[in-house]
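A.B. asks: Residues per chain, in single letters:
Number of protein chains: 2
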Amino acid sequence: MSSSTTRNLKMTSIAIATCYLATLCSAEKPLAPNAEQSDPATLGWMQGFPPPADKIIGQPDSNYFSFPKLRWTVCHLRELLPTKQVSRGLSAPSVLEYNLDPYIDSVSFYPLHSDQEITWQESLGLNYTDGMLVLHKGKVVYERYFGALSEDGKHAAMSMTKSMTGLLAEILVAEGVLDDQAKVETIVPELAQSAFGDATVRQVMDMTTGLKYSEDYSDPNADIWVYNAAANPLPKPADYVGPRSYYEFLQTVKKEGDHGEAFGYKTINTDVLAWIMAKTTGKDLTSLLSERIWRKIGAEQDAYTTVDSIGTPFAGGGLSAGLRDLGRIGQLMLNEGKLNGERIIPRKAIRSISKGGSKEAFAKAGYKDLAGGSYRGMWWVFHNDHKAYAARGVHGQTIYIDPTAEMVIVRFASHPHAKNAYIDPTSLPAYQAVAEYLLSK
Amino acid sequence: MSSSTTRNLKMTSIAIATCYLATLCSAEKPLAPNAEQSDPATLGWMQGFPPPADKIIGQPDSNYFSFPKLRWTVCHLRELLPTKQVSRGLSAPSVLEYNLDPYIDSVSFYPLHSDQEITWQESLGLNYTDGMLVLHKGKVVYERYFGALSEDGKHAAMSMTKSMTGLLAEILVAEGVLDDQAKVETIVPELAQSAFGDATVRQVMDMTTGLKYSEDYSDPNADIWVYNAAANPLPKPADYVGPRSYYEFLQTVKKEGDHGEAFGYKTINTDVLAWIMAKTTGKDLTSLLSERIWRKIGAEQDAYTTVDSIGTPFAGGGLSAGLRDLGRIGQLMLNEGKLNGERIIPRKAIRSISKGGSKEAFAKAGYKDLAGGSYRGMWWVFHNDHKAYAARGVHGQTIYIDPTAEMVIVRFASHPHAKNAYIDPTSLPAYQAVAEYLLSK
Chain C
1 MSSSTTRNLK
11 MTSIAIATCY
21 LATLCSAEKP
31 LAPNAEQSDP
41 ATLGWMQGFP
51 PPADKIIGQP
61 DSNYFSFPKL
71 RWTVCHLREL
81 LPTKQVSRGL
91 SAPSVLEYNL
101 DPYIDSVSFY
111 PLHSDQEITW
121 QESLGLNYTD
131 GMLVLHKGKV
141 VYERYFGALS
151 EDGKHAAMSM
161 TKSMTGLLAE
171 ILVAEGVLDD
181 QAKVETIVPE
191 LAQSAFGDAT
201 VRQVMDMTTG
211 LKYSEDYSDP
221 NADIWVYNAA
231 ANPLPKPADY
241 VGPRSYYEFL
251 QTVKKEGDHG
261 EAFGYKTINT
271 DVLAWIMAKT
281 TGKDLTSLLS
291 ERIWRKIGAE
301 QDAYTTVDSI
311 GTPFAGGGLS
321 AGLRDLGRIG
331 QLMLNEGKLN
341 GERIIPRKAI
351 RSISKGGSKE
361 AFAKAGYKDL
371 AGGSYRGMWW
381 VFHNDHKAYA
391 ARGVHGQTIY
401 IDPTAEMVIV
411 RFASHPHAKN
421 AYIDPTSLPA
431 YQAVAEYLLS
441 K
Chain A
1 MSSSTTRNLK
11 MTSIAIATCY
21 LATLCSAEKP
31 LAPNAEQSDP
41 ATLGWMQGFP
51 PPADKIIGQP
61 DSNYFSFPKL
71 RWTVCHLREL
81 LPTKQVSRGL
91 SAPSVLEYNL
101 DPYIDSVSFY
111 PLHSDQEITW
121 QESLGLNYTD
131 GMLVLHKGKV
141 VYERYFGALS
151 EDGKHAAMSM
161 TKSMTGLLAE
171 ILVAEGVLDD
181 QAKVETIVPE
191 LAQSAFGDAT
201 VRQVMDMTTG
211 LKYSEDYSDP
221 NADIWVYNAA
231 ANPLPKPADY
241 VGPRSYYEFL
251 QTVKKEGDHG
261 EAFGYKTINT
271 DVLAWIMAKT
281 TGKDLTSLLS
291 ERIWRKIGAE
301 QDAYTTVDSI
311 GTPFAGGGLS
321 AGLRDLGRIG
331 QLMLNEGKLN
341 GERIIPRKAI
351 RSISKGGSKE
361 AFAKAGYKDL
371 AGGSYRGMWW
381 VFHNDHKAYA
391 ARGVHGQTIY
401 IDPTAEMVIV
411 RFASHPHAKN
421 AYIDPTSLPA
431 YQAVAEYLLS
441 K
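Each protein sequence line maps, in turn, to chains C and A. For the first sequence, the UniProt record's numbering assigns the number 1 to the initial residue and increments by one for each residue that follows. For the second sequence, the UniProt record's numbering assigns the number 1 to the initial residue and increments by one for each residue that follows.
Any given hint could be a false lead.
Below, in silico cross-link-like pairs of lysine-lysine (PhoX-like), each with a Cα-Cα straight-line distance of 25 Å or less [stated by the list, open to error]:
| no. | chain 1 | residue 1 | chain 2 | residue 2 |
| --- | --- | --- | --- | --- |
| 1 | A | K279 | A | K348 |
| 2 | C | K266 | C | K368 |
| 3 | A | K55 | C | K279 |
| 4 | C | K55 | A | K236 |
Covered stretches of chain C, as calculated for chain A (at least 3 residues, CB under 8 Å) [to be verified]:
| no. | region |
| --- | --- |
| 5 | 232 to 241 |
| 6 | 274 to 281 |
| 7 | 296 to 302 |
No lab work stands behind these hints: they were computed from the structure. Source: prediction; values computed, not measured. Virtual Cβ for every residue (Gly too), placed ideally from N, Cα, C.
Starting from the given sequences, assemble the full structure and let the hints guide the process.
C.D. replies: Below, the structure is given as C-alpha cells:
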C-alpha cells in the first residue's frame, strides 16, 4: 500500500476503528484523583455479579485504558484482548532470597526540579505505584503491592516489552545467529520497499532509523492511528480498508532523513526487530521469550503478550508479567547473564547493552531529564556515575539496574500520565538515593 | 426481556453476531480427513511470518472452530478471545510419579456396535486424540500428545468445565456453605422471573430443570443462537439489541414442564450454577477454581476460561487446561478428595457425585450408549460394574474415573463430530478394556 493511500485511509481508520494501540500507549490526561482515591478496589471496578453498569470495564467500552480505569486494566489486559502465552515451562520456580530492609521506606531525596525533600515511601503514592521490588546483592530487600496488583498477578510491562525484545536480539547477535550489520531487506524481503529496507539490524535495535512516522497521540493525523487500527485484533468493520496486521502496516512506513544519525523513539522499530528475529529463528516473540528467558530464569509465572489479528505478538508494548519475574530478569542483567551460578545469556549480549549506544544520536532527541544518556538494544542507558541502565514503559514501568550499587529495581505503575517525563522527577533521584543508602550499608 | 422479544431478536442476532458459542460447542460436520491428514502441523495452520493468507486462523474468520481448523483452535483459544486466568499459585508443582506400561498400546477391544476388534493405539487416531493420560494406582502408566498439544500446552476442556463447576458446588454443599435445597431465586434474585427462580440448587446441579431452551445447533431458531450472541465478548454491532452477557440472557429463559422430572442436558444450568456460587461466595468461577482446586493440587500450569463482555467466565464450557493437571484432578476424585495424603475436598462432595443421580430422570433423555446411567453434580455416572463416572466434553474430551480398577483416564481430542455419541463407540469399551488389563496385572 502506498504512503498516500495510507494517509487517505487515516481519518477513516480513526473513525471506524476502536482505539486499540492508543489504549496500550495512552494519551496525556489531566492529573486527577490521587493513588489512594483512584485505587481500583476503592472505585469498585468489576466488583459484583454482575458489576453495576457504571463499574464495568469491558470491550464495548473502548476507553479501558483511560485513567482511572487503566489502574484496573494494567492488571487485566487478557480479560479484554486475545493474548499469547510466554510459558515458564513446568519446573519449580527458582528461589528468590529475602533480606528485607525496613529502613528503605524512610530514605529521603529531592525530586528533580524541586527543593522539597520527600521519602521513598511518599514517592510510591505520588507515582501511582502498583508494584515495587528492590533487589540488593541478589536478595529482595523491599517488596510492595498496591492497586490491582498482587504477588501472583501480572501487570502490563508496556514499552519494557521493547527491552525484552532488544535483549533477545542482543543474545542472537552475540551468538552469531543474527548479523547486526545486515540490511533489514536481506532478512525480511517484505520490508524492501519500506523505510526499513536499507536500515541495518543495529539501527533498528538502537532506534536510529530515519522514519516518517509520528507517534504523537494528540495529533489526529499521526501515523500511530493507522498503526492502531492495523494492530487491533478484533474483527475490522466491514468498510475497513487499511492494513490489517503489524506486518502489513510496517511495509507502508516511508523514510525520512538518514538512518544512523539520530535516536528517534518509535515503537515500530521493535515490531520490525521481532519480525527480523522470527524470520531468523523461525520462532515468534513469545516462543523466544519462553525459550531464552522465562524457562531459564525459573520464572514463577507465565507471562503473555497481546496479539494482532494474525497472531503476531505486540513486540512494542504487549507484554504482561509478574513483578518478581522481571526482578529475576533484572538480576540476570546485573549478573551479566548468569543466574544462580548458571550462564543463561552471553556476557557479550549484556555488555552490548550496558555500555550504551551513541550519546550523540541520543542527544538529538532532546530528553531533558535523560541528558547525557543513550539507547542501546532497546534499553535506556543513563551513563551516570553508577553506570545505571533501564527498561522503561509508559505510565511508570521500569526495570532499573545499578551495577555499582548491585541493585535492581522493578516498578509497575499506573500513573495518569503516560510519559515518564512526568514520573522521572520523583523516581530517578529516588533510585539514586536508595542505591547510595544500600552502598553505605 | 420477554420471551417473545427474545424470539424476535433471534434472527437478527444470527445475522449480526459472530457465531461465538457455536464456535465453542460446534455443529455436526461430515467426517473428513483422518487424524494424521488433519494434523495442524501437516496442514500448516499459523506457520510463517506472516502465515500464508489461507493458513491464518483469526478473529475476522468466525469459523475458527470448524473442522479441521478446530484441531489448532482447541489449543489456542486465548489467542482468539479474551480470557481469565485460573492461577496455580506460585509454589512448585506436585510430583506425578511414573510407571509407564508399554503394553497398553496393544490392549484390544470391540467398539460398540462392531464385531471388528481394534487396539487401544488404533483408537487414538480414530478419535482424533490430542492428549491421552492414564493413571493407575496414582502413577502415570500412559501418556501421549498429538496434534497441536504438547505437555506444556493447554487444551479446551469444553463441557468438562461443567464438571469442574459442579465439583465446586458439591464442595460448597458438603461444607454447608450452599444449601442444595434452596430455591435459586433466594440466592440470585435477578433470576426470580426466569425458569430458574423456583428450581432448587440441586435441580440446577443435576440438570433436572424444566427449561424452554433448545441447544440444537442445526436449528437456526434454537435459543442457543441468542445465547451465542449474548456470550460473545467482542463488541456488539451497533444495531444489536439482544442480551449482552450470560447474566442478561439467563434472566430471559422461560419454564417448560416441571423441575425435577427429567434430565435435560442444557449448558445454561451450569452458568446459573456459577452465578449461584458467585453470589454465595463473592468469588467468580476462576477464583473458586484457583482457590479450591488449582492451588491445592500442585497444578503445573495455570488454566483459563473464556469470558463474556462483562468478564463473566463461561462455566458451561470455557475452561482450557493442561492434560496432567486434569489428571491430578481425576486422581483427587478417585482418592475421594485426598491428594498426596492431604484432604483437599470433603469426601462427602466426591461421594455425592460418584454415587450418581436419578437413573429414572436420566433415562428420559434417551442416551442409547449411556443407558442405565445418571448425571450428578454435572458429572456423568455410568453405573457399570466398575462404578465408573466421567467429565465429558464435545469433540471427545473426558476425565474417566474407574474406582474399581483404580484408574483415571484423561483424554483431550478434536474429533470432527461434536457429539460424543460418535466417539463413545471407540472410547468407552477401550477404557473398560484397559481397566480390565490393569486389574489383571
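A.B. asks: Please go over all the hints and tell whether each is borne out by the structure.
C.D. replies: Results for each hint:
1. Among the hinted pairs, K279(A) with K348(A) is consistent with the structure: their alpha-carbon atoms are about 23 Å apart, no more than 25 Å.
2. A C-alpha spacing of about 18 Å is found between K266(C) and K368(C), which places the hinted pair at or below 25 Å, so the restraint holds.
3. Our distance criterion of 25 Å between C-alpha atoms is met by K55(A) and K279(C), whose separation comes to about 17 Å.
4. Taking the CA atoms of K55(C) and K236(A), the gap is near 19 Å; set against the 25 Å cutoff, the hint holds.
5. As drawn, the region 232 to 241 of chain C meets chain A at 4 residues by the rule of a beta-carbon pair under 8 Å; at three or more, the given contact holds.
6. Counting residues of the region 274 to 281 of chain C whose C-beta sits closer than 8 Å to any C-beta of chain A gives 3, which meets the bar of three, so the coverage hint holds.
7. Counting residues of the region 296 to 302 of chain C whose CB falls under 8 Å from any CB of chain A gives 3; the rule of at least 3 is met.
When held up to the earlier numbered hints, the structure conflicts with none and fits them all.
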